[in-house]
Structures are given as C-alpha cells and as structure tokens.
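J.: Protein chains in written order, with my numbering: chain S, 1 to 130; chain G, 1 to 130; chain Z, 1 to 130; chain V, 1 to 130.
Hints may contain errors.
Taking lysine-lysine pairs in the DSSO-like style, the calculated list, with each CA pair at most 30 Å apart, reads [what the hints assert, rightly or not]:
{"id": "1", "chain 1": "S", "residue 1": "73", "chain 2": "V", "residue 2": "79"}
{"id": "2", "chain 1": "V", "residue 1": "18", "chain 2": "V", "residue 2": "73"}
{"id": "3", "chain 1": "S", "residue 1": "18", "chain 2": "S", "residue 2": "79"}
{"id": "4", "chain 1": "Z", "residue 1": "73", "chain 2": "G", "residue 2": "79"}
{"id": "5", "chain 1": "G", "residue 1": "23", "chain 2": "Z", "residue 2": "79"}
{"id": "6", "chain 1": "G", "residue 1": "73", "chain 2": "G", "residue 2": "18"}
{"id": "7", "chain 1": "S", "residue 1": "79", "chain 2": "V", "residue 2": "79"}
{"id": "8", "chain 1": "Z", "residue 1": "79", "chain 2": "G", "residue 2": "79"}
{"id": "9", "chain 1": "S", "residue 1": "79", "chain 2": "V", "residue 2": "23"}
{"id": "10", "chain 1": "V", "residue 1": "18", "chain 2": "S", "residue 2": "73"}
{"id": "11", "chain 1": "G", "residue 1": "23", "chain 2": "Z", "residue 2": "18"}
{"id": "12", "chain 1": "Z", "residue 1": "18", "chain 2": "Z", "residue 2": "73"}
{"id": "13", "chain 1": "V", "residue 1": "73", "chain 2": "S", "residue 2": "79"}
{"id": "14", "chain 1": "S", "residue 1": "73", "chain 2": "V", "residue 2": "23"}
Just so you know, the hints here were simulated from the structure itself, not pulled from any lab data.
4 protein chains.
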Amino acid sequence: MEITAELALEIAHHAARKAHEIKVPVNIAVIDTGGHLKLFYRMEEAYLGSIDIAIGKARTSMLFRMNSEGVGKFLDPEKRTFGMVNTNGGLVAFPGGMTVYRQGQIVAYIGVSGGSLEEDFAIATAGSAG
Amino acid sequence: MEITAELALEIAHHAARKAHEIKVPVNIAVIDTGGHLKLFYRMEEAYLGSIDIAIGKARTSMLFRMNSEGVGKFLDPEKRTFGMVNTNGGLVAFPGGMTVYRQGQIVAYIGVSGGSLEEDFAIATAGSAG
Amino acid sequence: MEITAELALEIAHHAARKAHEIKVPVNIAVIDTGGHLKLFYRMEEAYLGSIDIAIGKARTSMLFRMNSEGVGKFLDPEKRTFGMVNTNGGLVAFPGGMTVYRQGQIVAYIGVSGGSLEEDFAIATAGSAG
Amino acid sequence: MEITAELALEIAHHAARKAHEIKVPVNIAVIDTGGHLKLFYRMEEAYLGSIDIAIGKARTSMLFRMNSEGVGKFLDPEKRTFGMVNTNGGLVAFPGGMTVYRQGQIVAYIGVSGGSLEEDFAIATAGSAG
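Chain S with its partners taken away, still in its complex shape (with noise of 0.2 Å):
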C-alpha cells in the first residue's frame, strides 16, 4: 500500500492542528516507506534549522522501521556502537520521527521538528494517528 498525496495532507493537517493548539511552530515532514519525499510543511515561525531535522527524523524511523527514539537506544554510548550516528548520512535519533499505520502495516513516516521532544513527539503522534 503506497501513501496517497490525501493521505499524507490528512496527517500533516492533523499534526499542524495539533502544532496550533499548543502554539508550537514546527516543520512537518511526510515520507514514503522508501524513504521519499512525499510532503511538507512548515509553520510559520518554524526554525529553518528544523527542515532538515524534521526530514532526518522521519528518514531515520524509516530505515529501521520504528521511531527515531527507538533508533536513539541503539545509539545510547553505553552500546558503544561509535560511529553509527553518522551512517546512512546521519542518523536523527531523538523524539519526532514516527511510523504511520494504516490497515495494520506501515505506509509511511513523520518527523516533527521545532519544538521540545515532548512537543514534538506529541505533534508527531497526532498526525501518526490521523
């Protein structure tokens, strides 16, 4: 199952209502389940610092297929796993980045930039969610 444009407008629409309601200006970033760019959105007063983090996060959630927090773990230094974080051009392993379920399988990703990671985990939840 491939995302439609609607689909991804429908969960960046849901997570910008979510952005507005607790006043938190983010970059919003909607891929594919190949990692392609299928949509995006910036608020205004976003960091333009967050373009690219909103894109790395959901580009990193993709590439191991759970959100960019769980990618994080692998990344804590007590794994000593140097060097990970600067492989597939650099992982973007903190709160924001997200699966997207629909019918029981994975059909794209967000990542949501701008915020704190509570902020952002929380916008990304809501357009995950749809």
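Following the hints, complete the assembly by docking chains G, Z and V onto the known chain S.
T.: Same frame as chain S, now just chains G, Z and V:
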C-alpha cells in the same frame, strides 16, 4: 513580506489543479526568499527523480531572482561560463522554476518537475499566478 | 510486490551467465523500487570504477521508472536541460540500467557496468528477462 | 591473493545460513582488500538502514586490518582520539565487521548488520570461517 503556509498551500493548490487538468503527475516545491523549503507536495505517480529537480528549480530561481530557464541562458555553451552549472551545489536551469510575486514583490519561488518542459512551465505558471 | 533475495539472485545469475558467455567482466547491481541495494555481484577482472556506475545506472532507472538510456534522452544537449545530470546526486544515464518486470509490474531495477554500452545493455537485458 | 566471486558467494552463503538458523534478517557485505565492494546480499525484512552499516563495518575492518570492534577500542572516549570516528568518511566500529583469512592471509572483509551486536558478530563469524 514573508510567505505564509496558507499562501504556500494556495500556490501548490493552483499548480496541482493545473497538473490534474492536463493529467501530468508532478512534484511541487515552494521555497521562501532565503531558499528554505516551505511546502512540498508529490502527486501520485510523479517520478521520484523529480523530487530533487523540483526543489532544484525553485532554488535556482531563488539564487538569481528569475525563472530557472532565465538562469539557463547564462549556462548556454556559447557563453563559455564553464562550471557555473556546478556552483551553488548544482544549478537546475530549465523551465519549471519561477518567481512568485504578490503586491509587486517576490514572496516565494515555485519549482515543478515531472512533465515535459512545457508542462512543467505551465503548471508552475498556474501556481505562481495563484 | 517486493523483490525477494531469491529473485535478485536469479536476476544476477542470468546476467552473469550472459556476461560469461560473451566474455565481459562486469559489476551487477539489483535495487528495490525504493532505490535500496538488494544484491551486488562483481565478476573477476571487472573495473573497480564500474561498481559505482552499475549502482548509478540502476538508481537512475529507478528514479524515472525507465531504462537508464531513456533518462539519457532528457539530457540531450539539444534539450538544454542544464544541470539535470547533476540532480539526485548525479544521474548515470546511458545503457545498462533497466526495469525488471514480473507479472506486469516493476519489482526491481538492474544496473550493469564493465563492458561496452552494447554489452552492458545485453547483459542487463538477460538479467531483466530472467 | 584476490578474492573470487565464488569465494565471496561462499562467505555470504555461510553467513546467510547462520542468519536463517538464528532467524535474524541481515545485510551482508563482502569487500576486497582494497575496500571495493565484491558482493552484497540483503535478506527479506533486513533493515534498510543496515545496508550502509554492513558496508561500513566491512570497510572499517579493512582500513585497519582487524575486526570492526577492534577499531572501536581506538575510539573509546578514554583514548581521547577525538574525531577519529569521523575520518575515512566515517568509521563504523562495533561488532559485525571482520577479516576473512584463507591459507594464512587476509583475502577479504565481511560486514554484517541487522541484528544485535552479538547476532551480527555470530553471523559474520560464520561467513568468515566458511
């Protein structure tokens, strides 16, 4: 005047409507006057290779504040400006990148890729005109 | 339909058999529809510089869902598509990259490099046909 | 002694058999003593993010002619070799990259990624031992 997400959506909406009308699946990118991505929208069946081209056209247009094919004129082999095409991370200088004016000034740039040069130009024009 | 390792091996096997038959040492890459490497095989004496070319041909084919030389037509100097060759990290748009169809749909892309354009094309065709 | 495609296939075959046995889908890379890719094999369900890690582990092992976790010891924060991890395009220095000896000398390097550090190590060992 900074582009708003609302205006970016409007630009993309007009471009996408034209694309649907002439049945050409494209990627549409809208960037701000600083060159940072504001909105991106990929239609179903649009080439994955056109994602980068759409963004590149908008960026090329921004770098010289003119349509992308206008930049192409600088790159004409007769000009002997060898290597200019490789500056700025690579120029993408053929039709489909365009200035977006509102109230007499440039507020954004649009880049469209996926169809023929004429189709991309027509779709970008529809988005730019609003 | 996602490509299996078994199918990827079969594709590479048919390509390599053809390469042995016409005595041309090549590199063979098979990537999935999202552009991610599935299988790579380098024959003895194949050029090291052709590793990247084989992968690049397959990737170029994937980006536009057509044979790599089909993408090459877009790059014809007469088209004046200045800079397109440098998009997507660099297109490799000459014969040897090819779609792989099974049951009416694209399941993978093959890229072959090491021989002449005609030889690479013939070897990729043998792999693609299966 | 240069690695042959036949030996590379044998190494990957033994690694994949072990991976199937312990039910861990992985990416397997075999590179020659100059660091050039000879064979790559991705099992179904293996993480896409592990493609680059598998190749990176083999490459890291090659660069210092030792297992990848051996290189990791140089990167231990206590060593204060700040920045070494960023050399050579990025080192990937944790278990799963390994020398492959035949007749007393190194003929290739294998890199495995997709499972836990212990699983990747076990699978690489199976491939290396042949």
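J.: Work down the list of hints and note, for each, if the structure agrees.
T.: Checked hints:
Taken as a hint, the residue 73 (chain S) and residue 79 (chain V) pair is honoured in the structure, with Cα atoms around 24 Å apart against an allowance of 30 Å. Taking the CA atoms of residue 18 (chain V) and residue 73 (chain V), the gap is about 27 Å. The hint holds against a cut of 30 Å. The hinted pair formed by residue 18 (chain S) and residue 79 (chain S) fails the criterion: a straight-line CA distance of about 35 Å is larger than 30 Å. Of the pairs offered as hints, the one joining residue 73 (chain Z) and residue 79 (chain G) holds, with about 23 Å between alpha carbons and a cut-off of 30 Å not exceeded.
Of the pairs offered as hints, the one joining residue 23 (chain G) and residue 79 (chain Z) holds, with about 22 Å between alpha carbons and a cut-off of 30 Å not exceeded. In summary, the hint linking residue 73 (chain G) to residue 18 (chain G) is supported, as the alpha carbons are separated by about 27 Å, within the 30 Å threshold. Proximity of residue 79 (chain S) to residue 79 (chain V) is assessed by CA-CA distance (about 17 Å); at most 30 Å being required, the pair is judged to hold. Distance restraint check for residue 79 (chain Z) and residue 79 (chain G): the Cα-Cα separation of roughly 17 Å lies within the 30 Å cut-off, and the hinted pair is therefore satisfied.
With a C-alpha separation of about 22 Å, the suggested pair residue 79 (chain S) and residue 23 (chain V) falls inside the 30 Å cut-off, and the hint holds. Using a Cα cut-off of 30 Å, the hinted pair residue 18 (chain V) and residue 73 (chain S) holds, with the two alpha carbons roughly 26 Å apart. Pair hint residue 23 (chain G) plus residue 18 (chain Z) does not hold up; C-alpha atoms about 41 Å apart against a cutoff of 30 Å. For a cut-off of 30 Å, the pair hint linking residue 18 (chain Z) to residue 73 (chain Z) stands: about 27 Å separates their Cα positions.
Proposed proximity of residue 73 (chain V) and residue 79 (chain S) is supported: the alpha carbons are some 13 Å apart, at most 30 Å. Proximity of residue 73 (chain S) to residue 23 (chain V) is assessed by CA-CA distance (about 22 Å); at most 30 Å being required, the pair is judged to hold.
Figure legend: structure checked against the earlier numbered hints; hints not met, in rising order: 3, 11.
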